[in-house]
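K.L.:
Read in order, the letters of the sequence shown correspond to residues 1 to 686 in the numbering used here.
Everything labelled a hint here was simulated from the structure, so no lab data went into it.
Quick caveat: nothing in here was measured; it's all calculated off a predicted structure.
Hints should not be assumed to be uniformly reliable.
Claimed, not checked - Straight-line alpha carbon distances no greater than 30 angstroms define the calculated DSSO-like cross-link-like pairs of lysine-lysine that follow: (1) K657 x K595; (2) K381 x K171; (3) K657 x K381; (4) K62 x K507.
What the hints assert, rightly or not - Pair by pair, the computed Cβ-Cβ distance ranges are: (5) A221 x P143: 40 to 50 angstroms; (6) A441 x A221: 45 to 55 angstroms; (7) K595 x E275: 52 to 62 angstroms; (8) D149 x D63: 57 to 67 angstroms; (9) G172 x R508: 51 to 61 angstroms; (10) G341 x E568: 18 to 28 angstroms; (11) E275 x D500: 38 to 48 angstroms; (12) G281 x E159: 46 to 56 angstroms; (13) D612 x P101: 44 to 54 angstroms; (14) G341 x D651: 21 to 31 angstroms.
The C-beta atom is built at its ideal place from N, Cα and C for all residues, glycine as well.
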Amino acid sequence: MINIRKDGRCALLPLAVFATLASLPGCDIGQFILSSDPWDPPPELPAAREPMAREACSSAVKDRQPLFGDLHLHTSLSMDANSLGTRTLPDDAYAYATGTPIVIFGGASAAGARTIRIDRPLDFAAVTDHAEWMAEVSLCTTPGSPSYDSAGCAIYRGEQESLLATLLGAKGFRARIAGLVEIGGRRNDVCGDDQSTCRKELANVWQATQASAERWYDRSADCSFTTFHAWEYSRAPQSTKIHRNIILRNEIVPELPISSLETPAEIDMRRQLLEQCNDSGTGCDAIAIPHNPNLSNGQLFRAEYAGLPLEAQQQAAAVRARLEPVVEMMQIKGESECRNGMYGVMGGEDELCDFEKIRDFGQPDLEDCQEDAGNGAQMGKGCTSRNDYVRYALIDGLREKQRLGVNPYQFGLIGSTDTHTAAPGAVSEYERPYKFGMTTAQALTVNDRPRAAVFQNPGGLAGVWAEENSRDAIFAALKRRETFATSGPRIAPRFFGGWDLPEDLCKRPQLAEAGYRAGVPMGDTLPARSENQANPRFVVAANADPGTAASPGHPLQRLQIIKGWIGEHGAFHQAVIDVAGNPHNGASVDTLSCKAIGEGFSTLCGVWEDPDFDPTRDAVYYARAIENPSCRWSTRLCQSLPESERPDGCDNERIPKTIQERAWTAPIWFDAGRSIETAPRADSLD
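Generate coordinates for the entire structure from the input sequences, incorporating the hints supplied.
P.N.:
This is the structure we're talking about:
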């Protein structure tokens, strides 16, 4: 929303409209964040109770099994998805995830119906519709609602023009969103003078979303599919993403989803999650998953508490670490692992960092933020920071630990889609991305747009190692960070570290059993070492995704371990080590036929001992599994068209023809300050 202040300066809408404000004369867009007044009275706490009972899973695995899901997706309940033609609902999303075909639409008129079906069902999913304007969308699209005939709703439906949209020069989707915009907060003609109409409708929509999640959660012994109650907290000041997906363990949930309209500061969002959920004594339990750090201009991983007294900083950092145990590495809007040439990063170039960098595709020659931050990344503007990439945020966490004694960025990794068509897990490179159900021409046209769809990717998947497919088991895996991210394929990597891991562990049939017994899994911290234990040893193993008959998978090329640490004068250091496979196997792909060339591996395993280990320095290690090259989705789609009908994206040199799909494990940390007596194991922590 826009807030034109009495002093002539401006605050910004935390979604799409704000980008055009930068051109307004005298509008200082760097100083303000718009918010509505907090709900009055505050949301009620959920009733204290035990979670609903469920049958024990018949397929429980002691040493844990890989499960694949999507924890970031939108339906027509989200303002942007609805405005761009999505008509599917949470029930459709869960139906799609379990293998049922659904119909999606393209364009604001909901035209271009297309039936899609997932190639393989998911194990779990969560609908994360935007909390912001969820009520208004429902009110404005439901004939007979208290607000349906308001001017704001008429503007949102495209039936009336908006003075604000005219002022901004907004058209189409952005002009419609202006119907939800009011000076100072939510529109009174839609929400009522006291906002009670929107509050009541938000509660109704939230309850309907919960009901859908309950309908699709398999509580039988089959444990075939798990749903989570969830929403997205979508703060995006100055076109910069600082979003979180809020995932709840069970059906005990807050009365209302926390929105950036009423709670525009992340530090307050976390405090409210504790008050309304985790520390309420009601049985409610939540985590917040940051996403799209690659579009955050250095703001997602920043010490927003830095101006507070030291003790308050330590408390805020500890709360962040507690509530944000995982981060989204990969989604439709690109990958967020690493980027070459970033300020203060030592260790040479990593050739595999040039992977699905949406900002590099659409906005070459990016400015480096260095130690500062910028804005505008969602619109292809502003600088990029090393902390827009999780590798360097992990290292920055080590630096914060030196400063505060607390590591706020000790997180695991997942992927997801951010689909806006209720199609969770639609990640195949054999199909075009389903962000908004776009047509072929829309998907492949660049036309000088920095956010063109062809720069995007189908997205990734969230992976967890859990004993069974249930809410408790998956949520526990997320909290202990035993997670992995994939760029789409169902690669299943394992990663263990320890002081006494056997050198021949890859040859043993019970790798996981030995890994848990002699070391720690991904997401954990190495136990304290004794004096006679020299260097840590790690094992990484992965199986390739076999794919399906219609969409075959691709073999693995290699496994790597990435190490990060803080060096002299605060420099960020990285090292990339090949531990299995063959980076020089000559594998490639014919981009005309998409036929694979060269050999690869169906399974890989490697053991590595760190020869440069320094027991006086904290360090972080994670593993990466890399496939052979294959055709990117855009190449496949371009080749399917007659040459005369191919849009400009088919010949754009910034768009790669091939892709090397991959998976990333959560890290394992070394804490130089740990002692034998005080070293807690991860399974003893909250």
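K.L.:
Return holds or violated for the Cβ distance of D149 and D63 against the range 57 to 67 angstroms.
P.N.:
holds (60 angstroms)
K.L.:
Given the hint that K657 pairs with K381, test it: the Cα-Cα distance must not exceed 30 angstroms.
P.N.:
OK: K657 and K381 at ~25 angstroms, within 30 angstroms.
K.L.:
At the C-beta level, are K595 and E275 separated by a distance inside 52 to 62 angstroms?
P.N.:
holds (57 angstroms)
K.L.:
Take a quick look at whether K381 and K171 sit within 30 angstroms of each other, Cα to Cα.
P.N.:
holds (20 angstroms)
K.L.:
Is it true that G341 and E568 lie within 18 to 28 angstroms of each other by Cβ?
P.N.:
holds (20 angstroms)
K.L.:
Note whether the CB distance of D612 and P101 lies within 44 to 54 angstroms or breaks it.
P.N.:
holds (53 angstroms)
K.L.:
Range hint 40 to 50 angstroms: satisfied by the CB atoms of A221 and P143?
P.N.:
holds (44 angstroms)
K.L.:
Next pair to validate is K657 with K595; report whether the Cα-Cα distance is within 30 angstroms.
P.N.:
Measuring from Cα to Cα gives roughly 13 angstroms; hence the hint holds.
K.L.:
Just tell me: holds or violated, for the beta carbon distance of E275 and D500 against 38 to 48 angstroms?
P.N.:
holds (44 angstroms)
K.L.:
Would the pair K62 and K507 pass a check requiring their Cα atoms to be no farther apart than 30 angstroms?
P.N.:
Status holds; Cα separation ~21 angstroms.
K.L.:
Holds or violated: the 51 to 61 angstroms window for the beta-carbon distance between G172 and R508?
P.N.:
Given about 60 angstroms between the Cβ atoms, the range holds.
K.L.:
Using the Cβ atoms, figure out if G281 sits within 46 to 56 angstroms of E159.
P.N.:
Between G281 and E159, where Cβ atoms are some 48 angstroms apart, the hint holds.
When each numbered hint is compared with the structure, no violation occurs for any of them.
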